[in-house]
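Trainee: Chain by chain, the residues run as shown.
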Amino acid sequence: MGCGEGILRIVFDHLSLDKPLLALRIVRRQVTVCPNCGAGGTDEAGFAVVAVAIPKGFRTDFSWGENAKEEAEFITTGSSSVAESDQAPLFDLLNTNSALAFSGKGRVFRVNDRAGQLYSGAIGSANTPGTVNLQHQWIDSRFQSGDPHVAFQASSPIENVALIAPKTTDIVRFAPSHTPHGMLLDPTQGALNRLRGPALKAAYYSAAFIVRSVAAGLLDIDPEELDISTVRRVERPIGHFIGEIVISDHLANGAGFAGQVHSRWQELLDSIIHAVAGDTSFAGELISPAHRKSCDSACPDCLKHYRNMSYHGLLDWRLGLALLQVFNDSSYACGLNGDFSGPELTGWHHFAEELRDAFCAAFPCTPVDFGPLPGFKVGNLQVIVAHPLWDSSKPIGELATAIATVGADSQLNLRFLDTFNMQRRMSWTYQALRG
Amino acid sequence: MNESIPGRLVNDCRLQPLKRISPSRFVGIQECALREVWRAAACPPLLPRPPRAWVGTIIHEILQMIPTGRFNSRSKPEIGEAWDFKVAETEKSMLLSWLDAPSVPLKNSAWDFEVQKIRTINRVFAMAWSDDYKGGQGGPFVSSSELWVETADHFVGGFIDSVEETNQELILRDFKSGLINVYGSDSTEVKPEYVAQLELYCAIFFESRGRWADALQIVPVAGDPVTIPVDRTKCLALLQSAKDTLHRINSVIESTSDVKAGFLELASVTPNGCTRCEFRPGCPAYKCKAASDSDEKWPQDVTGQVAEIASFPNGSTAITAKTQLGLTRVRGLASVPGRHPALPFLSASSWVGLYNLKSVRDNTELVQGPLTTIYDETPFEPNSASAITQKRP
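Protein chains in written order, with numbering that gives the first Met the number 0: chain A, 0 to 434; chain B, 0 to 392.
FYI, nobody ran anything at the bench for these hints, they're computed from the structure.
Hints may be right or wrong, so weigh each one.
Some residues of chain A that are not near chain B, with every Cβ distance over 10 Å (derived) [stated by the list, open to error]:
no.: 1; residue: G64
no.: 2; residue: A100
no.: 3; residue: R113
no.: 4; residue: P128
no.: 5; residue: P147
no.: 6; residue: I157
no.: 7; residue: V275
no.: 8; residue: G277
no.: 9; residue: Y305
no.: 10; residue: G312
no.: 11; residue: F362
no.: 12; residue: C364
no.: 13; residue: P366
no.: 14; residue: R424
no.: 15; residue: R433
Here chain A is said to cover these stretches of chain B; the calculated rule only asks that three of the stretch's residues, wherever they fall, bring their Cβ under 8 Å from a Cβ of chain A [unchecked claim]:
no.: 16; segment: 117-126
no.: 17; segment: 174-180
no.: 18; segment: 212-221
no.: 19; segment: 310-322
Note that the structure is predicted; figures quoted are calculated from it, not measured.
C-beta atoms are modelled at their ideal positions from N, C-alpha and C, and glycine is treated no differently.
Build the full structure now, drawing on both the sequences and the hints.
Mentor: Here it is in C-alpha cells:
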C-alpha cells in the first residue's frame, strides 16, 4: 500500500478504556502524558500514543486476484469511527439534564487498527524482474516476502501504525449534566468492575441509536444520515466520570442534520420522554404494548439494523430509554424510589426474578430475597440482582434497603449482578462471580 | 499543631502527661503512644476524618438515645428525624474545618450512608421496644446510657455505651457501627480491641461499684449482638496493664527534655497504625521511616521538594516532587477553590506534603483521592518577610 504524508500520532485518550470508546486527539509531536489531564503514557495506563497513517492509495499484488467476497461472508474488521476530542465545553441546556456542544468543522476519523494489533510494515522498493520497479512502497510485514512475483527490499525500520480516514463534518456531543443520586453513568465501569461488564456502555449506545431514529423521524431523513461516532468517557467535574455521545453527519463537510439535533434537542428529547404508546412515532412504537411484550432487549423492529450489527449484543431499548430519562431530568430515580411505572421499568422486578430463577436453575445457587430485591446465595457469596444503572458503590433507596438486610460483616461477601449481564451472558456472569 | 493557616503545616504540639487512659483507646495506645498522647492533648487533626467515621459517630449518638426514652412514639419516621437532625448538626461542625468541609454532604462522601441510616433506624426500632434489651431477668430494671466509670485512682476511665442492671443481672454493652469481626471475608473472630475495651469496662465497673457484669455484649448496627464471656482474671490483668502503660508513657514524657526525642521514643511507626493516624504529617518518626522506605504498605503519601507544577486543561494540577526515593509525580489534584488551600502558594523548590493519595493503574500513578490533603511544608519563620507574603487569606 502506498504511504501517506508521514505518520501522525494519535493520542488514544486514557479516559476511554476500550476501543469503541476511543477518543482521540492528533498531535504531531511526541507525547508522554495526556495533554488534557496529565495521565502517564503507558499501555497499562489505558492511555496510549499510536502512530497512524492516512494511505494515499493502494495497489494490487499484480496477481489475477480472487473473487470478491460474497455478501454473506461478513468480515469483522478492526475499524471504528471516532471523533476528535473537542476542547469546546459542553453547555447545560435549561429544563433538561443535558449538556451539549456543537462543532461545525469537527474531525471524524474512521480508524482501522487491526483489532488493536496495528499494521506492521516498512517503506522500501518493490520489484518485478524486468517489468516493474516501484519506490516508496509501504508494505505490510506479512506480504514483504514469499511473493514469487514481487521482490520487496525494505529501506526503513519496521513501524506499527493504524490506518485512518479523516473527514471534516458537523458533530454534536451530548452528556448528562448531572448524575442522579444513586446512579452510575460512567461507561467504562465494565473495565474497572468485572461484574459490571458492558452494561453502561450498552445504555449509551442504545440511547444513541434511539436518538438517531427519533431524529430521523423529526427531520424526515434516513437514519443513516447520522453516524454514531463515539461514546466516550468524560470527566465532569474532576474525578467524576460520565459518558458522552458523539453523533456526526455522515456526509463530509456536514449536511446540517447534526446541527438540527443540537438546536432541537429539547424537542427531540420531549418526543421520546412524552411519547404516546402506539402512536406512529419511533418512540411511540418502542413503548407500544405489542413491542414491550415481544421485545425483551432489542429487535429488528426497534434498534437492530444490518448496519449496526456490531452493536447488536449491546442494544437494549429499555436501558437506552432509562438513560434518556436521565438526560431529561436529574431527579430521575430509575426505580430506586420504588416507582417502576415508566415504560422502561415496568415489569423490571418480575424480569429480575425470572432471571434469578433461571440462573439458580442453571447453577448451584439458592434463591434468596434481599428485602425488595431478588438475589441468591452461591458458596459464601450473597448476590443481589440490581438494575444496570444503579450505583452499588453509593446505594440508596431500594438498593440500600436490600443491602441493609445484610449484616455489616456479611457485607464483605455481598456482590451485585445486573439484569443486563444476567440476561445476555449467564455463564460468564457465574464465572466472574466465582473468580 | 496549628490549623489556623489552612494548608500550612506548623508543628507546635507538645507532650503532656496523660491524665487517664480510656478503655476505648487502650489498644490504640499500645499501637502508638504518641498518637494517643496527641489525641488526649486535643491536638487538632492534620488529616480529614473519614466520612464513614463521622457516620459511625452519628450512629453511636442515635443508639445512645434509646435508654433516654427519646423514641417513644414507636415510629420509624421519628427515628429518621433524629438521624437527619444529627447529620445536619455533624455537617455543620464539619464545615468549620477546611479538612472536613470537602466531605460534606455525608450522603455523597460516605458510600453506605443510606444503608447505615436504614440499619440504624431498624436497630433502634428493634431495641427500643424489645424485651431482649430491657435487662433480662429480675427487677427493678435500671438502664443507663453513656455511664461514666473510672478507677479509684482515676487512671483508667470512660463512658460505657449502655448498662442494663437488675437485681439478678448486669449487662454492659458497646455499640459498633462497622465490622466487628477481624477483617477477612470468612472470619467470625471478634476484633481483639473491641473485646479488650469491654473487659476493661467490666474491670473498672467492678473496681468502682463492686459488682461484676454477667454479660458483655457488642451490638452491631446490623446483625445479632455478640456476647463475650466474662473472664474476671483477664479483666483485672488488663486493667493493671492499662495503669502500667499510663505510668510508662508519663515517665517518658516527664523525663524527656528534648521534645523531638520524646516524639521518637513514644511513636510506633507501622504501616497499619500510621494509615489510620490523623497526625502523621506532623510526626517526625513517621516521616523519617516512611519517606526512605519504598514498602507499598505505607500510606500513599509523598513529601519532598517541588520540582515541577503543571496545570492541565481539565482543571487539574500535577506536582512532581523530589523525594528521598527520587522524583515522584502526583496528578489529578483539583484546582477548585478551597479544596487545597496550599496549592496556589506552592512553587518550584517549595517543600510539599501530599497525603492520602490514591494509587491507580497497578500502582504506576498517584492521583488525588477523596481525602487527599496537601500541605505547604516549606520551613516557616513567623517574623520573616516571606512569612508576610505567604499569609493565607
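Trainee: What are the numbers of the hints the structure violates, in ascending order?
Mentor: Of the numbered hints given earlier, the structure breaks none, since each of them holds.
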